[in-house]
Amino acid sequence: MRRVAIIGGGHTKFMFNSPQSGIEMLAEASMDAITKSNLKPKDIQAIYCGNVLGDFSEGQGMIQSYLADDIGCFNVPASRFEGACASATMAIRDAFMWVASGHYDIVLAGGTEKATAMGTSLATRTFAMFSDGRYEYPSGINFPGIFAMLAHLYSSKYNIPLKKLKETLALVSVQSHFYGMKNPHAQFQKEITVEQVLRGFTVSSPLQLLDCCPFSDGAAALVLASEDVAKKLTDKPIYFAGVGQASSGKMSAQYKYLPRLRAREVSVKQAYDMAGLEPKDIDVCELHDCFSIASLIAAESLGFADFGKAGELWEKGETKIGGKIPINISGGLKSKGHPIGATGASQVYDIVRQLRGDLVDEGRQVEGAKVGLVDTLGGDGVIVNLILKAD
Amino acid sequence: MAFKIEYKLSHKAYYDALKKGKLLGLKCKDCATVTCPPKMTCQECTGTNLDITELSGKGKIATFTTSYVAPLGREVEAPYTIVLVELEEGPWIMGNLIDIDPAKVGMELIGRKVKFGFKVFPGDLYSAGEGVRPLFSFAD
Chain A
8 MRRVAIIGGG
18 HTKFMFNSPQ
28 SGIEMLAEAS
38 MDAITKSNLK
48 PKDIQAIYCG
58 NVLGDFSEGQ
68 GMIQSYLADD
78 IGCFNVPASR
88 FEGACASATM
98 AIRDAFMWVA
108 SGHYDIVLAG
118 GTEKATAMGT
128 SLATRTFAMF
138 SDGRYEYPSG
148 INFPGIFAML
158 AHLYSSKYNI
168 PLKKLKETLA
178 LVSVQSHFYG
188 MKNPHAQFQK
198 EITVEQVLRG
208 FTVSSPLQLL
218 DCCPFSDGAA
228 ALVLASEDVA
238 KKLTDKPIYF
248 AGVGQASSGK
258 MSAQYKYLPR
268 LRAREVSVKQ
278 AYDMAGLEPK
288 DIDVCELHDC
298 FSIASLIAAE
308 SLGFADFGKA
318 GELWEKGETK
328 IGGKIPINIS
338 GGLKSKGHPI
348 GATGASQVYD
358 IVRQLRGDLV
368 DEGRQVEGAK
378 VGLVDTLGGD
388 GVIVNLILKA
398 D
Chain B
98 MAFKIEYKLS
108 HKAYYDALKK
118 GKLLGLKCKD
128 CATVTCPPKM
138 TCQECTGTNL
148 DITELSGKGK
158 IATFTTSYVA
168 PLGREVEAPY
178 TIVLVELEEG
188 PWIMGNLIDI
198 DPAKVGMELI
208 GRKVKFGFKV
218 FPGDLYSAGE
228 GVRPLFSFAD
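Protein chains in written order, with the numbering used here: chain A, 8 to 398; chain B, 98 to 237.
One or more hints might be untrue.
Said to hold, decoys possible - Derived CB-CB ranges, DEER-like: (1) A:Lys43 / B:Lys216: 50 to 56 angstroms; (2) A:Gln203 / B:Ala110: 47 to 53 angstroms; (3) A:Leu169 / B:Tyr223: 32 to 38 angstroms; (4) B:Asp237 / A:Gly126: 40 to 46 angstroms; (5) B:Thr150 / A:Glu319: 42 to 48 angstroms; (6) B:Lys216 / A:Gly324: 45 to 51 angstroms; (7) B:Ala129 / A:Asp398: 51 to 57 angstroms.
To be verified - Derived DSSO-like pairs: lysine-lysine, alpha-carbon spacing no greater than 30 angstroms straight-line: (8) B:Lys216 / A:Lys263; (9) A:Lys170 / B:Lys157; (10) B:Lys136 / B:Lys117; (11) B:Lys210 / A:Lys263; (12) A:Lys164 / A:Lys263; (13) A:Lys316 / B:Lys157; (14) A:Lys276 / B:Lys136; (15) B:Lys157 / A:Lys164; (16) B:Lys105 / A:Lys263; (17) A:Lys171 / B:Lys210.
Hint data in this document are derived by calculation from the structure and do not stem from the laboratory. All values reported here derive from a predicted model rather than from experimental measurement. Don't be surprised by glycine CBs; every beta carbon is placed ideally from N, CA and C.
Could you put the whole structure together from the sequences, leaning on the hints where they help?
Structure representation (structure tokens):
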């Protein structure tokens, strides 16, 4: 396989009630990525994009084809990926494969979502479609409910009193807002306190409002190119070092591992093995913090802490810039926002900027970062991991 | 000899049994693992040498949540308590917990013994018909 690089990216502001359509948002992010890569739309040979709920939020399916036409990539093969919140990362992994294989030299990958147009009730219904519809949705399970049950299980399995666990989880949200405040693309740009987190209304016990990411609108896109092409177009190509993806069944069927998500351990091992790297080699990580507890669960499976111990990373500030493993320096899904079809592309966009050293002006550069890890979870059943590396 | 691939226990057959107060699962003739809710293959060894088996419907609460935000069309149900129950035969299944104030549940629920009943979810625009969920109540 050939080496593949990301050579440019684009990112809209993540927000509530965007005045733009999902296609408009992705078209802007895409044109930004293409322009920054010193390319024209005619140079793009294929498009890969994540979009989850356009059918429900805008009555718009098949966004990939209309996006291609909108930005002037006439008649290129365009594919839509659906893996709930991991859709865009799936799209990027496939885009990588097509360039690595030698079939294409330059492709566009990204994602878009306009979730807030649905309102909270329909959004809650549609997000619940990413749990088992036949055997689990009849119980009224929803997106926060999955992680709420994992939080209680985490407390029970690792013998951490719930009150103590909730105080630790509050620190996760507080850190996300601290960095989100510095990210101009973030949906929330305000600091919060532990007390505010613990005072919020309960969404699904034990998770309170500020334990939960918001519904969001937004898009992000990236241009991928083969190494030889990349070197001609940019002096800072960021390379794919390893990729992984795995799937799993309904939540109840994962009982042997919960609160661990086995698929994540399978996926990230693929990425580490392919890259020839270990958790200690990662300089900066964007992981899937859809809920505060999700950050702890992810950090453990990615190899940054022993099982049941990830809370200590946040308690000791090891997840901040200057810590052992800086995590979600973008503000994460919690503060930056979580337009589900775009989230993976947004995570990659931020890691690419970290590895290029582009975040000094925003006050959130991890100094000297050379290797970054992306972790995206879809529903209770899809995980994608990407390891990116600066030369 | 013609061989037809088919589900040993479809979701409809599982629902029909639930509505008669019977919780069915699949017992693997090769490795003895019980799979519930049903799938095409044994969840342990992936074999298809499966027998339909009636489960006791008894188990203990593994985890829980009380949800205060309900999906479209189910707002009147909130707040409601969802549980994952470890059945005596091994597998975990999801259901609702009754006989308790949903606002007053806490960690003491974990490990409580429960027994199974059922309730029909009439379905909505997106569910392709009705669903049936286990409804657990305390057995201790």
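So, going through the hints one by one against the coordinates:
Checked against the given bound of 50 to 56 angstroms, the beta carbons of Lys43 (chain A) and Lys216 (chain B), roughly 55 angstroms apart, stay inside it. Hint check: Gln203 (chain A) to Ala110 (chain B), Cβ distance near 50 angstroms, so the stated range 47 to 53 angstroms holds. Here the CB-CB span from Leu169 (chain A) to Tyr223 (chain B) is close to 34 angstroms, well matched to the stated 32 to 38 angstroms. Between Asp237 (chain B) and Gly126 (chain A) the Cβ separation comes to about 42 angstroms, which falls inside the hinted range of 40 to 46 angstroms.
For the pair Thr150 (chain B) and Glu319 (chain A), the beta carbons lie near 44 angstroms from each other, so the given range of 42 to 48 angstroms is met. Against the hinted window of 45 to 51 angstroms, the Cβ-Cβ separation of Lys216 (chain B) and Gly324 (chain A) comes to about 47 angstroms, which satisfies the hint. Take Ala129 (chain B) and Asp398 (chain A): their Cβ atoms lie about 54 angstroms apart, and the range 51 to 57 angstroms holds. Restraint check: the Cα-Cα separation between Lys216 (chain B) and Lys263 (chain A) comes to about 27 angstroms, which is no more than 30 angstroms; the hinted pair holds.
Taken as a hint, the Lys170 (chain A) and Lys157 (chain B) pair is honoured in the structure, with Cα atoms around 23 angstroms apart against an allowance of 30 angstroms. Only pairs whose Cα atoms come within 30 angstroms are accepted, and Lys136 (chain B) paired with Lys117 (chain B) is accepted, the gap being roughly 20 angstroms. Using a Cα cut-off of 30 angstroms, the hinted pair Lys210 (chain B) and Lys263 (chain A) holds, with the two alpha carbons roughly 19 angstroms apart. Taking the CA atoms of Lys164 (chain A) and Lys263 (chain A), the gap is near 12 angstroms; set against the 30 angstroms cutoff, the hint holds.
Among the hinted pairs, Lys316 (chain A) with Lys157 (chain B) is consistent with the structure: their alpha-carbon atoms are about 26 angstroms apart, no more than 30 angstroms. About 27 angstroms separates the Cα atoms of Lys276 (chain A) and Lys136 (chain B), which keeps this hinted pair within 30 angstroms; it holds. Under the criterion of a C-alpha separation no larger than 30 angstroms, the hint pairing Lys157 (chain B) with Lys164 (chain A) is consistent with the structure, at around 15 angstroms. The straight-line distance between the Cα atoms of Lys105 (chain B) and Lys263 (chain A) is roughly 24 angstroms, inside the 30 angstroms bound, and the hint therefore holds.
For the hint linking Lys171 (chain A) to Lys210 (chain B), the alpha-carbon distance of about 26 angstroms falls within 30 angstroms, and the restraint holds.
Checked against the numbered hints above, the structure breaks none of them.
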